[in-house]
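Novice: Protein chains in written order, with this note's numbering: chain A, 1 to 209; chain B, 1 to 175.
Honestly, the hints are just simulated from the structure, not real lab data. No experiment lies behind these values; they were computed from the predicted model shown. Where hints are given, some of them may not hold.
[Stated by the list, open to error] Partner residues are not named here, just some residues of chain A that face chain B (Cβ under 10 Å, in silico):
| # | residue |
| --- | --- |
| 1 | R18 |
| 2 | E38 |
| 3 | A41 |
| 4 | A174 |
| 5 | G178 |
| 6 | A179 |
Beta carbons are placed, not taken as given, at the ideal position from N, Cα and C, and that holds for glycine.
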Amino acid sequence: MSENDDELRARYATLLARRAREGAPAPATLEEILALAESGADTPERVARLDRVLADPRTRDEYRMLREVARAEPVAARRRAVPWPLAAAAGLVLVAGAALLARAGRVTGPDEMRGDATSVTLVTPAPDADVTATTPFVWRAVPGASRYVVELLAPSGEVLTSVETSDTIATPMASLDGARARGARWWVTAQLGAGGSVRSEARPLRTIE
Amino acid sequence: MTSDPSSSSLSLDIEHALARWGGIVRRAAHRYGFDGPDLQEIEQDIRIRLWRALERQGENPKGVGASYVQEAAKSATIDLLRRRRREREQVALDQAGDVPASSRAGGDEEQLTALLERAITALAPDRRVAVRLHLEGRDRDDIVRLTGWSEARTRNLLYRGLEDLRSALRGEGAA
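Chain A on its own, in the form it takes in the complex (with noise of 0.2 Å):
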């Protein structure tokens, strides 16, 4: 603030020294300041608790770190969400454009586009990428395969919903409530045409709502 403040802080700082340099017991325990570090309280015993943690350099650091790691998000912050219309447009743009490529195979060529009538091979969304109402679910053509089913599972099980389709692409986020798929996986079953069917691997998704 001021010149002033500046001398304050300056004996406070020679003030915090002297109280390292005596070594007297830390006035905490690391399990009390890690309780001080948690809580959200406002009572006067915490004010206390945390006034005797602040006055002491060691502890006052311990505490800021430990209210670090508490403090933080246990999981990792989700990317910000593209607003609707343009995620419906770029939606759009992205089932359109892969109908084409999985249906032309100009870009790509036969080996990058089609799988082998062992399994099915997904292609998009990537494991833990997110996804949205409008986001298309690509996977590799089976040879001898008439249909696909796609599959959304919950976490228990449970299947989500069910796409059937004869080509490589489904929208199958568009009939779900994103909230639903949360911890969600994704299969494809290829119905192949002479009887049986094979089964791709189950990959989680991350959806945002």
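Knowing the structure of chain A, use the given hints to seat chain B on it.
Specialist: Showing chain B alone in chain A's frame:
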């Protein structure tokens, strides 16, 4: 469940969470001066704690959420800080009696520091916390983050606290 905390037994989500929490603890330790060679092992330390906790509770490691990893990270941080306390105490013991006379404050300086200490101690506890953090050079946002108080409350405590402090020091003829 076996007692082998191998990564192949944990889900991809949990592996990501382990890497993330290892990074959070390492960065915080670096920021607040708790560095040391053992920090390189912090991720493995968190993994072992997570595994032991799951084993004790009979949980399936594939089904746990990221919040389990956070609890394991907190526990690993406590142990890291405990090791630092022990190291610091050992250094203090080794250096006991070695403080040169030149490092001690002179008479006037000593008096002014004691005066400040008395004036801070006389503040109301919540104002005292706000003033301490201000005198350390923390800005208002930092104080809000560290205490959990609202911005308005922090501003008020800081204003009143500094006013009380200056008034007390003026009363002692020190400001």
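Novice: Run every hint past the structure and note whether it holds.
Specialist: These are the hints, each one checked on the structure:
no., hint, in the structure
1, R18, "7 Å, holds"
2, E38, "8 Å, holds"
3, A41, "8 Å, holds"
4, A174, "25 Å, violated"
5, G178, "18 Å, violated"
6, A179, "16 Å, violated"
Checked against the numbered hints above, the structure breaks hints 4, 5 and 6 and satisfies the rest.
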